[in-house]
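Residue numbers (the numbering used here), protein chains in the order written: chain Z, 75 to 288; chain X, 73 to 290.
Hints are computed from structural coordinates only; laboratory data are not their basis.
Predicted, not measured: the structure shown is a model, and the values here were computed from it.
The reader is advised that the hints may include incorrect statements.
To be verified - Residues from chain X that face chain Z, not an exhaustive set, calculated with beta carbons under 8 Å: (1) VAL77; (2) ALA129; (3) TYR130; (4) GLU132; (5) LEU140; (6) VAL141; (7) PHE144; (8) SER222; (9) VAL226; (10) LYS230; (11) THR244; (12) ARG248; (13) LEU249; (14) THR254; (15) PHE258; (16) LEU264.
Note that CB positions come from ideal geometry on N, CA and C, so glycine has one too.
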Amino acid sequence: MNSLLASWPLLIKGIGMTVFLAAVATVLATALGLVLAGIQLFAWRPLRWLVELYLYVIRGVPLLVMLFAMYYALPYAGIQIDPITGGIAVIGTYFGAFMTEVFRGAVLSVPKGQWEAGRAIGMRTPGILRDVVIAQALRVAGPPYINTLIMVVKATSLVSVIGLADITFVGRQIVERTLEPFIVFGFVALVYFVICYALSRLGRRIEARTSYVH
Amino acid sequence: MSFDVGFLLRTVDAIGEGLRMTVVVAVPALLLSAVWGVPLVMALMSKGKLPSLLARAYIEVVRNTPVLVQMFFIYFGSGMAGFPLPGYVAGLLALVLQNGGYIAEIYRGGIQSISQRQTEAGLALGFMPRATFGLIVLPQAVRKVIPPLSNQGVLIIKDTSLVATISVAEMTFQARLMADRTAAVFEIFFVLALFYLALTTVFSLLMRLVEVRLRVRQ
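Please model the entire structure based on the sequences and the hints provided.
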C-alpha cells in the first residue's frame with residue numbers, strides 16, 4: 075500500500091495520460107468513422123473499395139504491430155512526430171475502422187421502407203437522411219458505440235510498450251522499484267475498471283432510454 | 073525509404089520462425105477460451121443466485137480491464153509469489169481468462185436469441201427440460217454464435233501479439249528484435265502485417281466454412 079501512496083503524483087499523471095489519450099483518440103476515431111461510413115454507404119464505388127480495403131487491413135493487423143510500425147518506421151521515413159501524437163494517430167486510425175462498422179451497421183438497420191415512405195411524402199434525400207434515417211440510426215448506434223469506447227480505453231494500455239507514461243507504464247515503473255506487482259497492477263486494473271464500468275453503465279442507461287416497445 | 077527484395081526474404085524467414093510460436097499460442101487460446109466460456113455461461117444462466125452473481129462479477133472484471141494489465145499482473149505477480157510462470161503460460165492464461173468472459177456472453181446471447189416458444193413447444197410435446205434444451209434450443213443457438221465467435225477469434229489471434237511484451241518469442245517479438253538490429257524497418261513491419269492478415273483471413277474463412285456446413289438445407 076505504501077508503494078502506491080508514495081508514488082501518487084506519478085499515478086495521477088499516468089491516469090491523466092490514459093484519459094487524455096482515450097479522449098482524443100475517441101474523437102479522432104468517431105470523426106473518421108462518420109466520414110468512412112458515409113463513403114461506404116453513399117460514395118462512388120472505387121472509393122468504397124478503398125474503405126473496404128482499409129477495414130480489412132485493420133481487422134487483420136494487431137494494434138500493437140501498428141504502434142511498433144509507427145514507433146520504429148516513422149523516424150526512418152524522416153517524419154519526426156512526438157510519440158504522444160503518433161500514439162493517438164495510430165489508436166484513432168485503428169478504432170476509426172471499428173466506428174465505421176458501428177455507424178454503417180446503424181444506418182443499414184433502418185428499414186428501406188423508411189426511405190420510401192419519406193420519398194412518398196415528398197421529402198428530399200438530405201431531409202430523409204437527417205430526419206428519418208439518422209434519427210433512428212442513432213438509437214441503434216448507442217450501445218455498440220459505448221462498447222467501442224471501452225475498447226479504446228483498454229487499448230490505450232498498449233502505448234506503455236512504446237514508452238508513453240500512461241497508467242500501465244507508471245505501474246510497471248513502480249513495480250520495478252517496489253517489487254509489489256499484485257498491489258500495483260491491481261490498482262492499475264482498478265483504474266481501468268472504474269472508467270470502463272462507468273462507461274458500460276452509461277451504455278445500459280442509453281439503451282434503456284432509447285429502446286422502445288414495437 | 074526503399075524496398076529491398078533480398079532483405080524481404082530474410083525477414084520472411086525470421087518472422088516465419090516466430091509464426092510457429094504465434095500458432096502455438098493462438099490455437100490453445102482459441103480452444104480454451106471457447107471451453108472456459110461453457111461453465112461461465114452455465115453459471116451465468118443458472119437459477120442459483122450466487123453462481124450467476126459470481127459469473128457476472130467475473131465477466132465484468134475481465135471485460136473492463138485491459139488484457140495487457142492482466143498479463144503483467146499474472147506474469148510479474150506469479151514471480152513475486154514464488155511460483156514464477158513462464159511468459160507463455162502467463163500470456164495464455166490472461167488471454168483465456170479474458171476471452172472466456174467475452175465468449176460466455178456470446179453463448180448467452182445465442183441461447184437467449186432462440187424464442188421462448190421453442191422451449192414451450194418442446195415441453196408441450198413431452199420432451200424433458202434437459203432434452204428440450206439439448207435437442208431443440210442448443211442446435212439452433214450453435215448456428216447463431218458462429219459469426220460472433222469468428223469475430224472474437226480474430227481478436228484473440230491479434231491479441232496473441234501482446235505476449236511479445238512478456239518475452240514470448242512469437243512473430244511480433246521476432247520482428248521487434250530485427251527492427252532493433254537493422255535499418256530496414258518498413259520491410260519488417262510490412263511482412264509482419266501480412267503474416268497477421270494471412271492468419272486472420274484463414275481463420276475467418278474456416279469459420280465461414282463451419283457456418284455454411286451448419287446451415288439448415290431448405
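Outcome of the hint check:
1. VAL77: Given a least distance of 18 Å, the restraint on X:VAL77 is violated.
2. ALA129: 11 Å, violated
3. TYR130: 12 Å, violated
4. GLU132: Status holds, d = 6 Å.
5. LEU140: At 5 Å from the nearest chain Z Cβ, X:LEU140 passes the 8 Å test, so the hint holds.
6. VAL141: 5 Å, holds
7. PHE144: Check passed: Cβ of X:PHE144 comes within 5 Å of chain Z, closer than 8 Å.
8. SER222: 11 Å, violated
9. VAL226: Constraint on X:VAL226 satisfied, holds at 7 Å.
10. LYS230: 4 Å, holds
11. THR244: Because about 6 Å separates X:THR244 from the closest Cβ in chain Z, which is inside the 8 Å limit, the hint holds.
12. ARG248: 6 Å, holds
13. LEU249: At about 11 Å, which exceeds the 8 Å cut-off, the nearest Cβ of chain Z leaves the hint on X:LEU249 violated.
14. THR254: 10 Å, violated
15. PHE258: Since the shortest Cβ distance to chain Z is 6 Å, the answer is holds.
16. LEU264: 6 Å, holds
Violated hints for the displayed structure, listed by number in ascending order: 1, 2, 3, 8, 13 and 14.
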